[in-house]
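Produce the complete structure using the sequences and hints provided.
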Amino acid sequence: MGIIEARELVKKFKSITAVDGISFDVPQGELFGILGPNGAGKTTTIKMLTTLLMPTSGSAFVAGFDVYRQRDEIRESIGIVFQNVALDLYMTGRENLEFHAWMYDMPGKLMRDRIKEILKLVELSGRADDLVETYSGGMRRRLEIARGLMHRPKILFMDEPTLGLDAQTRRRIWEYIRVLNKGEKITIILTTHYMEEADFLCERVGIIDRGRIVAMDSPENLKGIIGSDSVTLDVDSGDCGLFEQLGFVKSCGKTGGLFSLNVEDGEGKIPEIMLFAQAHGIKVRRVGLKRPSLEDVFLKFTGTKIREGSGTEEEEEEETGRQ
Amino acid sequence: MKPIKIKAIYIIWLREMRRIWRFKSELIGSLVMPVMFLVFLGLGLNGAAVPGIPRGVSYIDFIMAGVIGMTLLFNSMFGGMDLLWEKEMGFLKEVMVSPVSRLSIFIGKVVASSTTSIIESVMILLLGMLLGFKFPDFGRFMLTLMFMLVTSFTFLGLGLAISSRMKDTQGFPVVMNFVIFPLFFLSGAFYPVEALPGILRPLCYFDPLTYGVDGMRAVLIGVSSMPPILDFAVLSLFCLAIILIGVHLFETGSDIGN
Numbered sequence: 001m002g003i004i005e006a007r008e009l010v011k012k013f014k015s016i017t018a019v020d021g022i023s024f025d026v027p028q029g030e031l032f033g034i035l036g037p038n039g040a041g042k043t044t045t046i047k048m049l050t051t052l053l054m055p056t057s058g059s060a061f062v063a064g065f066d067v068y069r070q071r072d073e074i075r076e077s078i079g080i081v082f083q084n085v086a087l088d089l090y091m092t093g094r095e096n097l098e099f100h101a102w103m104y105d106m107p108g109k110l111m112r113d114r115i116k117e118i119l120k121l122v123e124l125s126g127r128a129d130d131l132v133e134t135y136s137g138g139m140r141r142r143l144e145i146a147r148g149l150m151h152r153p154k155i156l157f158m159d160e161p162t163l164g165l166d167a168q169t170r171r172r173i174w175e176y177i178r179v180l181n182k183g184e185k186i187t188i189i190l191t192t193h194y195m196e197e198a199d200f201l202c203e204r205v206g207i208i209d210r211g212r213i214v215a216m217d218s219p220e221n222l223k224g225i226i227g228s229d230s231v232t233l234d235v236d237s238g239d240c241g242l243f244e245q246l247g248f249v250k251s252c253g254k255t256g257g258l259f260s261l262n263v264e265d266g267e268g269k270i271p272e273i274m275l276f277a278q279a280h281g282i283k284v285r286r287v288g289l290k291r292p293s294l295e296d297v298f299l300k301f302t303g304t305k306i307r308e309g310s311g312t313e314e315e316e317e318e319e320t321g322r323q
Numbered sequence: 001m002k003p004i005k006i007k008a009i010y011i012i013w014l015r016e017m018r019r020i021w022r023f024k025s026e027l028i029g030s031l032v033m034p035v036m037f038l039v040f041l042g043l044g045l046n047g048a049a050v051p052g053i054p055r056g057v058s059y060i061d062f063i064m065a066g067v068i069g070m071t072l073l074f075n076s077m078f079g080g081m082d083l084l085w086e087k088e089m090g091f092l093k094e095v096m097v098s099p100v101s102r103l104s105i106f107i108g109k110v111v112a113s114s115t116t117s118i119i120e121s122v123m124i125l126l127l128g129m130l131l132g133f134k135f136p137d138f139g140r141f142m143l144t145l146m147f148m149l150v151t152s153f154t155f156l157g158l159g160l161a162i163s164s165r166m167k168d169t170q171g172f173p174v175v176m177n178f179v180i181f182p183l184f185f186l187s188g189a190f191y192p193v194e195a196l197p198g199i200l201r202p203l204c205y206f207d208p209l210t211y212g213v214d215g216m217r218a219v220l221i222g223v224s225s226m227p228p229i230l231d232f233a234v235l236s237l238f239c240l241a242i243i244l245i246g247v248h249l250f251e252t253g254s255d256i257g258n
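First to last, the protein sequences are chains A and B. According to the working numbering, the first sequence is numbered sequentially starting from 1. According to the working numbering, the second sequence is numbered sequentially starting from 1.
Each hint should be verified, as a subset may be incorrect.
Partial list, computed: chain A residues near chain B (C-beta under 7 Å) [stated by the list, open to error]:
| no. | residue |
| --- | --- |
| 1 | Glu-76 |
| 2 | Val-85 |
| 3 | Ala-86 |
| 4 | Asp-88 |
| 5 | Trp-102 |
What the simulated footprint calls covered on chain A by chain B, stretch by stretch (three residues with Cβ under 8 Å from a Cβ of chain B suffice, anywhere in the stretch; the number is not a length) [said to hold, decoys possible]:
| no. | region |
| --- | --- |
| 6 | 43-52 |
| 7 | 94-100 |
Hints are computed from structural coordinates only; laboratory data are not their basis. Everything numeric in this text was worked out from a predicted model, so none of it was measured. C-beta: ideal position from N, C-alpha, C; glycine also.
Now the structure itself:
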């Protein structure tokens, strides 16, 4: 039993299938990430779970409520931070939060206290009475996070929370997300196409490609599937299979003039590998060491590198949806 | 039937009031066009004999109801189509994912924008005094307000209905040319509809603004083509029908929240 349960969710836009049978559970209090390239169906999945889109088929329960029939109940239990800014730029930060509080039927006293508390959390107290128009990208994002938390939701959905932010701001946002998850005990679902983000933040990651979940586990376990380090040798000639005589080499692959050897503790094994190569008359020009990353996991499951598209997923989906 | 949330309606209204207060110059700016109509048409044609206008009624008195009708039409239609700007800004998503029924959101928008339209209309009445228009007594003023309110609701409903089915603001000029201007010219704002040739005249009676302008003219200066009570009845029927259609389109518009 999870606070979110999705079963075989499908969303079709005319001829395009954006989400093609996704199933997953998220237990209460987890920080769950949906990782995938632009256009993989992340935003569409989030939109179905947050009642912005009706699924074509499948079922989903959010906070125990049905996405088809209990949309208002879901709306009261969740907070959303959208991919594209959804603030009123011509209101102040405080007014944006007030608007939200009234829409969610918060009592006046509670609202004022909460606004004070939440502004402090995202460090915007000093700018609360300026028009949002004058805020930087990072401030706007922080205000959106604050707004998503105003009504103390059980679940916070964040769609690409750090898209387009600089590295420093991204770090700060990551810290907030951790505090929220651990401190305020909020279940958080976020989508991202940044590997480091999923790796750094999420307890569990679902990798999604072309509308399907291709792998789902903790970042550590996912990287464990790739297993070991990879030592690459740039060589003139020679037989790659030779290296398998070394007991610790699990496998060896050859691409072009490059051998890549799968080994545990690559750093410690490099000297032995070099001696072995020398002894067998293989001249090594360069040597490299690669630790497994989610990028490799992604590569393994999808056969492609994660694409760094310029457009946002939303735009792409709308494009395709219109055809 | 989803419950109507008064708090949500209030905050949508308050947001609009904050906005017009913050951008006062915009409000003043939008008065320029109707005032120019009053000044240049009103004063320019004041001595002219316009067919169908009874003797002894000055042209400026005659077109006051028309200029107010025009203001209500334009403001309310644009007020309704504000939805598309909010969609482009992204803010509409925030409104649409809140646990507030679409009916409440619709009512909030109608109440908010009609307040703005009526404030502008009353300012035009006041500015008209500078040009020699006699401000109505209290009773007639209240009757005028009633007509203003129903006229405003009607075109807000129409604006919201249209924008519920539009993807973005690209279609604005089309709506302007094929909806707003025809409604305006068919309404008898600047001359009695009786002056139009027989083929065009029946169209006037399908234009809600005709009844709004005629009714306001009746209560403001006592001149009208139809009895004001009939004007009010027909206008209210139009309003009710358009609002019902508007609510339906708004509630079922799948594009609105995305």
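Comparing the hints with the structure gives:
About 4 Å separates the beta-carbon of Glu-76 (chain A) from the nearest beta-carbon of chain B, less than 7 Å, and the hint is met. With a cut of 7 Å, the hint placing Val-85 (chain A) at the interface with chain B holds, because the nearest CB-to-CB distance is about 5 Å. The beta carbon of Ala-86 (chain A) is positioned within 7 Å of a beta carbon in chain B (closest approach about 4 Å), and the interface hint is therefore held. At its closest, the beta carbon of Asp-88 (chain A) sits 5 Å from a beta carbon of chain B; the interface hint therefore holds under the 7 Å criterion.
For Trp-102 (chain A), the interface hint holds, since its Cβ comes within 7 Å of a Cβ in chain B; the closest pair sits about 4 Å apart. Proximity of the region 43-52 of chain A to chain B, defined as three or more residues with a beta carbon under 8 Å from a beta carbon of that chain, is established by the 4 residues found. Chain B is given as covering the region 94-100 of chain A, and this holds because 4 residues of the stretch bring a CB closer than 8 Å to a CB of that chain, at least three being needed.
When each numbered hint is compared with the structure, no violation occurs for any of them.
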